[in-house]
Structures are given as structure tokens and as C-alpha cells.
Amino acid sequence: MSGQAETRAAPVQVSASGPVKEARRRSWWGKHGRTTTVWSLRVAALLAFLVLWQLAGNVVANPMFVSSPVAVWEQLWAWVTDGTLSTHTWITIQEVALGYVIGVLTGALAGFALASVRLIYDVFEPFMMALYSIPKVALAPLFIVWFGIGIDMKVILAAVSVFFLVFLNTAAGVRDVDRGLIDAVRLMGGSTRDIALKVVLPASMSGLMTGLKVSIPYALIGAVIGELVASNRGLGYLINDAAAQFNTAGVFAAVVVLTALAMVLNAVVGAIASRANRWKPLDA
Amino acid sequence: MTAVLEIEHLTKEFQRGDVATVALRDFSLTIEQGTFVTVLGRSGCGKSTMLNLLSGLSKPTNGRVLHRGSPHTGPTPGIGYLTQSDTLMPWRTVQRNVEMPMEIAGRPKPERQAAAAELIATVGLADFADSYPRELSGGMRRRASLARMLANGAETILMDEPFGALDAQLRSELQRELLRLWTATGHTIVFVTHDVEEALLLGDRVVVLGPLGAILLDQEIDLPRPRDPDETKIHPRFVELHATLVRALKEGARR
Chain A
1 MSGQAETRAA
11 PVQVSASGPV
21 KEARRRSWWG
31 KHGRTTTVWS
41 LRVAALLAFL
51 VLWQLAGNVV
61 ANPMFVSSPV
71 AVWEQLWAWV
81 TDGTLSTHTW
91 ITIQEVALGY
101 VIGVLTGALA
111 GFALASVRLI
121 YDVFEPFMMA
131 LYSIPKVALA
141 PLFIVWFGIG
151 IDMKVILAAV
161 SVFFLVFLNT
171 AAGVRDVDRG
181 LIDAVRLMGG
191 STRDIALKVV
201 LPASMSGLMT
211 GLKVSIPYAL
221 IGAVIGELVA
231 SNRGLGYLIN
241 DAAAQFNTAG
251 VFAAVVVLTA
261 LAMVLNAVVG
271 AIASRANRWK
281 PLDA
Chain B
1 MTAVLEIEHL
11 TKEFQRGDVA
21 TVALRDFSLT
31 IEQGTFVTVL
41 GRSGCGKSTM
51 LNLLSGLSKP
61 TNGRVLHRGS
71 PHTGPTPGIG
81 YLTQSDTLMP
91 WRTVQRNVEM
101 PMEIAGRPKP
111 ERQAAAAELI
121 ATVGLADFAD
131 SYPRELSGGM
141 RRRASLARML
151 ANGAETILMD
161 EPFGALDAQL
171 RSELQRELLR
181 LWTATGHTIV
191 FVTHDVEEAL
201 LLGDRVVVLG
211 PLGAILLDQE
221 IDLPRPRDPD
231 ETKIHPRFVE
241 LHATLVRALK
251 EGARR
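These protein sequences, in sequence, are chains A and B.
Each residue of the first sequence is one higher than the one before, counting from 1 in the UniProt record's numbering.
Each residue of the second sequence is one higher than the one before, counting from 1 in the UniProt record's numbering.
Simulated from the structure, these hints should not be mistaken for laboratory data.
In this text, all values refer to a predicted model and were calculated from it rather than measured experimentally.
All C-beta atoms, glycine included, are put in the ideal place defined by N, C-alpha and C.
One or more of the hints may lead you astray.
[Claimed, not checked] What follows is a set of in silico ranges between Cβ atoms, one per label pair, in the way DEER data are often shown: (1) Ala23/A with Glu231/B: 35 to 43 Å; (2) Asn277/A with Lys250/B: 50 to 58 Å; (3) Val20/A with Arg180/B: 20 to 28 Å; (4) Glu231/B with Asp122/A: 55 to 63 Å; (5) Gly74/B with Leu131/A: 35 to 43 Å; (6) Arg68/B with Ala113/A: 35 to 43 Å; (7) Ser27/A with Glu197/B: 45 to 53 Å; (8) Ala3/B with Ser133/A: 43 to 51 Å; (9) Pro236/B with Val20/A: 36 to 44 Å; (10) Ser133/A with Gly74/B: 52 to 60 Å; (11) Asp152/A with Asp127/B: 52 to 60 Å.
[What the hints assert, rightly or not] Derived, one-sided and incomplete: chain A residues facing chain B with beta-carbon distance under 7 Å: (12) Lys21; (13) Val177; (14) Asp183; (15) Ala184; (16) Arg186; (17) Leu187; (18) Met188; (19) Gly189; (20) Gly190; (21) Asp194; (22) Ala196; (23) Pro202.
[Claimed, not checked] Sample of chain A residues with no beta-carbon within 12 Å of chain B, all distances over it, derived: (24) Lys31; (25) Arg34; (26) Val38; (27) Val60; (28) Pro63; (29) Trp73; (30) Thr87; (31) Leu105; (32) Leu114; (33) Tyr132; (34) Arg179; (35) Gly180; (36) Met205; (37) Ala244; (38) Asn277.
Chain A extracted, bound-state conformation (with noise of 0.2 Å):
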């Protein structure tokens, strides 16, 4: 350490050649003009095919398989005000968010755990591919068996869904984490705790948010079979319920809260990925 302190002691600055970084005003287009350009196509997009959509209803046989925008409205309103779509939703969300956070925890922490030692994940591998590959949904009939027809059974399909998703993708994460980064802090005197916390976790970081975002899908699939399968409550239950009344509206109503919820959830995950990967190159 003394070396260090006479290190210091004389500074001399090498002069920095290479980029320079300068203050740059821009104007409010320049700012925002893509992304207004952007939103504005995308509303234009949603808006014709609405049209579409709505056209279609006359021009089909029977309106009543395609329904129509309106009429999806009209029953939306209904179940707004009746009250049914706040409870059947809130169930959906409970068992996917539940699903989902308990999927991720676990995959993230198996992932974490198992890809740290050569050894274990050699042995693991093969299994867990193939527990992997198992359809989820040939486990719902089992689930029904172990969990009962209530909300657990929902939850726990969902998070089996997303476990596997979350732990291929942080243990892949972990296994390419770069040598030279894991020599680097050896020569730094870090013990095999430093390289776990400051080279390995945030080098696996982008691998758990590539599991976090595919999941996604799969934690509502997961939930909504469950609904399908075997429910009176949840917007599955709901589908099946107007379904099974010939009311395509219906249908298409409880598709389109899944739609939003799925929406929501892809934002909030991506607000944690952008914010866990600021290093990343700008325009990537």
C-alpha cells in the first residue's frame, strides 16, 4: 500500500486523445419526434384494424363467430358495471402475479445456485431438460388431484411454467459468464464469494431478464388452462362460461383484459430489464 501513496504523489496526465464529450441541446422533436412518430402509427395500425374488424361483421356470413369491436365494448361495459369482470379479472391477476413471482424466485435462485457448480449442473442438466419438455398442461389434471380445483392449483401450474423458463435462462446466463472477468477478480485477491456477487450475478443478469420476459406468456397460459380446465371463477372460467353460451363477444372481452394484463406485465418487466441493463450499448 505504500507503493500506492507514492503512485499518486506525482500525477501527470496523459493527454486523452479519442472522443470528447460536449453538451448537445436538442430541440422537443428531436427528443421525442420518433417516439411520437412511432405512437402515432401504432394507434393508426390498432384504429384500422378496428375498422376492419367492425366492416367484417357485415360482410361474413354469420356475425356472430367474428363478432365485433363494438359489441366486445358493449359487453365489457356490462361486465364493468355488474361488477363480474372486477372479480373473475382480480383472480386471473392473483394467480399469475403469485405464479409468476413464485416461478421467477425459484428459477432465478436454482438457475443461480445449480449453473455455480460444474459438477451439479452436469449431473442435473438432462433432468431438468426433461421435466422441461413435459406439455404443463398434461400436469393439470394432477394438480387437480393434489391441489383441488381453487386458486393453488392456478398458481402452481403458472409457476411451474415460469420456473423452467427463468432457470434455463439464468443458468445459461451464469455458465457464459466471461473467464477473463472471473481471473480478473481472482487477481484482485477476491474470495469465490466476491466472484459469485460482483461478476457472476450481474453477468447473468441479462440471462434472468431474457427468462423474465419470455415467461411472461407462459405464467398467463399456465393460469388460464387452469381456469379452462377445472374453475368457476377467472377470466378462463369466463371465456369458457361465454363460449359455451355462444357469446363470441364474450369471448373476445376476457381475451382482451388477458390482452391488457399480459401488456401490463411486459412493462413493468421492462422497466427492471432496461433499468438492470444501462450498461448496455446505446442502440442496442
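Following the hints, position chain B against chain A.
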């Protein structure tokens, strides 16, 4: 003078299937305290393997390395190693990268922040302390790596072709800066290069390596210090030594 690093009959093989690739065979060398030793050799002569063994990152197949008299078992903060490739943490800014060795050593936050800022200024990156490595040019990343290595506070420094990928001006600036740091601190430096001029400009002693780390020549460099890169290159003794080294390298190739 005391020996900082003693390398005794070092052999390194990489086993793959039924074939072993021998990178280094029966290599011995002693590095004295406070000297600047440059190791000169063509690509693939085991220079990087040797540094990996000296740093403790890899273990020799045979032989041993003594660091200050005791055989060394793994990397220690007492030996700094600037590797050929960049190993800055991509998710940390330059500032936090340079702080990292001090963080691991457990130094208090305000102290390491100040020390890191000073080191970053030393290598001329003060304006880029908040940038991430990917936003920097190759040369800037090299300088950041240098700052991080210095933050280790190691008194023995290993450098593996650290300036290889830089432009000539920047390289000679950093060479000058390295010599200045070395003169000010009295560190021991082992500097690996394939560039004859660089080896001569920097070293007290040039060790020329042939295939499998065979020592072709171990030459004291008696050029006067301080050495200015531009003036030293036209010194008659420099020209003479240059010819000697090149001859040794050529002989090595013929073996």
C-alpha cells in the same frame, strides 16, 4: 538485490484427449526486486503462459514459482496482472471498475472513490469516469485497465503486451507514463512484448524467449535513464542492442 519472483523448472502442458500441448518446458528465471524486465518473444513462444503461471492464475504441470521466497498457490493482490484482453466489468462505469480492487480489499468508500478518481485522471480519462466500457475506444479501455491494475496497489506488476493494439503516439505516451510510474514507485515489472524496440526502451533487462520458453538471450540493457522514447531510439547503443536482439530472435526461429 533480493529476488521477488523465482521461477524454477516450470513446465506447463495442456491435456486434451490423448494429446498434451506443451506450452512451456523447464523454464527458469529470477526477477530481482525493483527491476524492469521485458520478455521478448514471437507469438506462441509461451509468453502468456508464463505470465499466467507467474500471476498464479494457472498451475504449472511441473516446477514452481516462488514469490518473495514462498511458493505461491494462487493469485494474490501483491501481484498485479494486466492481461492482453480487456477484463473491465461491462456493467460498471470506469470509476466503479477502478474502485473494484479497493472494494475487494475492503477500503472505505470515500477513500477508494478519491483514489480511483486520481488514478483515472493519471491515465487521462477524467471526463469518462462515468462511461461504461463499451462506450470507450480500445485505447481508452486499455488505460482504464491500467488504472484498475494500479488501484490494486501491487508492487509486482505483470504486463502482457499491454500496448499492442494502440496507435504509435498513444503507445509512446503510455510507455513514458509507465516508466515515470516505475521510477517513482520502485515496483518490479515483468513486461511481455513481441516488439523489439519496446523491449529495449523499457527494460533494464531483456529476456529473449524461443519456442517452449527456451531462453535464447538474457541481456542487460545499459542504456542511460531516464529514457525518452524518441531520443533513445537513435542512441548508438540502442541500435547495437537492437541488432543483437533481432539476431537472437532469428536464431530461435531456426532451431
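These are the hints, each one checked on the structure:
1. For the hinted restraint 35 to 43 Å between Ala23/A and Glu231/B, the CB-CB distance of approximately 41 Å keeps it satisfied.
2. Checked against the hint of 50 to 58 Å, the C-beta distance between Asn277/A and Lys250/B comes to roughly 51 Å, which is consistent with it.
3. Checked against the hint of 20 to 28 Å, the C-beta distance between Val20/A and Arg180/B comes to roughly 25 Å, which is consistent with it.
4. At about 59 Å, the beta-carbon gap between Glu231/B and Asp122/A stays in the expected band of 55 to 63 Å.
5. A beta carbon spacing of about 38 Å between Gly74/B and Leu131/A agrees with the range 35 to 43 Å that was offered as a hint.
6. Look at Arg68/B against Ala113/A: about 38 Å separates their beta carbons, and that is inside 35 to 43 Å.
7. Ser27/A and Glu197/B have their C-beta atoms about 52 Å apart, which keeps the hinted 45 to 53 Å range intact.
8. In this structure the hint that Ala3/B and Ser133/A lie 43 to 51 Å apart at CB is violated, the actual value being about 60 Å.
9. Pro236/B and Val20/A have their C-beta atoms about 41 Å apart, which keeps the hinted 36 to 44 Å range intact.
10. The given range of 52 to 60 Å is broken by Ser133/A and Gly74/B, whose C-beta atoms sit roughly 41 Å from each other.
11. Taking 52 to 60 Å as the suggested C-beta distance range, the pair Asp152/A and Asp127/B conforms, at roughly 57 Å.
12. The beta carbon of Lys21/A is positioned within 7 Å of a beta carbon in chain B (closest approach about 6 Å), and the interface hint is therefore held.
13. Interface hint status for Val177/A: violated, as the beta-carbon distance to the closest one in chain B is roughly 11 Å, over 7 Å.
14. For Asp183/A, the shortest C-beta to C-beta distance to chain B is roughly 5 Å, which falls under 7 Å, so the interface hint holds.
15. Interface restraint check for Ala184/A: the shortest CB-CB distance to chain B comes to about 4 Å, inside 7 Å, so the restraint holds.
16. Because the closest C-beta pair between Arg186/A and chain B is about 5 Å apart, less than 7 Å, the hint holds.
17. The closest approach between the C-beta of Leu187/A and any C-beta of chain B is roughly 5 Å, which is under the 7 Å cut-off, so the hint is satisfied.
18. Interface restraint check for Met188/A: the shortest CB-CB distance to chain B comes to about 4 Å, inside 7 Å, so the restraint holds.
19. Satisfaction of the interface hint for Gly189/A is found here, the shortest Cβ-Cβ separation to chain B being roughly 4 Å, below the 7 Å cut-off.
20. Given the 7 Å rule on beta carbons, the hint for Gly190/A holds: about 5 Å separates it from the nearest Cβ of chain B.
21. Interface restraint check: Asp194/A against chain B, minimum CB-CB distance 5 Å, threshold 7 Å, status holds.
22. With 7 Å as the threshold, the beta carbon of Ala196/A stays out of range of chain B, its nearest partner Cβ sitting at about 13 Å, so the hint is violated.
23. Interface hint at Pro202/A: satisfied, since its Cβ lies 5 Å from the closest Cβ of chain B, which is below the 7 Å cut-off.
24. The claim that Lys31/A lies off the interface holds: its Cβ sits roughly 20 Å from the closest Cβ of chain B, which is beyond the 12 Å cut-off.
25. With a least CB separation of 21 Å from chain B, Arg34/A remains clear of the 12 Å interface cut-off, as annotated.
26. For Val38/A, the non-interface assignment is confirmed: its Cβ lies about 25 Å from the closest Cβ of chain B, beyond the 12 Å cut-off.
27. No Cβ of chain B approaches the Cβ of Val60/A within 12 Å, the least distance being about 53 Å, so the stated non-interface status holds.
28. For Pro63/A, the non-interface assignment is confirmed: its Cβ lies about 55 Å from the closest Cβ of chain B, beyond the 12 Å cut-off.
29. Listed as a non-interface residue, Trp73/A keeps its Cβ farther than 12 Å from every Cβ of chain B; the least gap is roughly 46 Å.
30. Distance check on Thr87/A: its Cβ is at least 44 Å (rounded) from any Cβ of chain B, clearing the 12 Å threshold; non-interface status holds.
31. Distance check on Leu105/A: its Cβ is at least 22 Å (rounded) from any Cβ of chain B, clearing the 12 Å threshold; non-interface status holds.
32. A cut-off of 12 Å between C-beta atoms confirms that Leu114/A is not in contact with chain B; the least separation is 23 Å.
33. Non-interface call for Tyr132/A relative to chain B: holds, since the shortest CB-CB distance, roughly 28 Å, exceeds 12 Å.
34. Arg179/A, annotated as away from the interface, has a beta carbon of chain B within 12 Å; the closest lies near 9 Å.
35. For Gly180/A, the shortest C-beta to C-beta distance to chain B comes to about 4 Å, within the 12 Å cut-off, and the non-interface label is violated.
36. The non-interface label for Met205/A is inconsistent with chain B: the shortest C-beta to C-beta separation is roughly 7 Å, within 12 Å.
37. No beta-carbon of chain B is positioned within 12 Å of the beta-carbon of Ala244/A; the least distance is around 52 Å.
38. For Asn277/A, the condition that its CB be more than 12 Å from all CB atoms of chain B is violated, with the nearest at approximately 8 Å.
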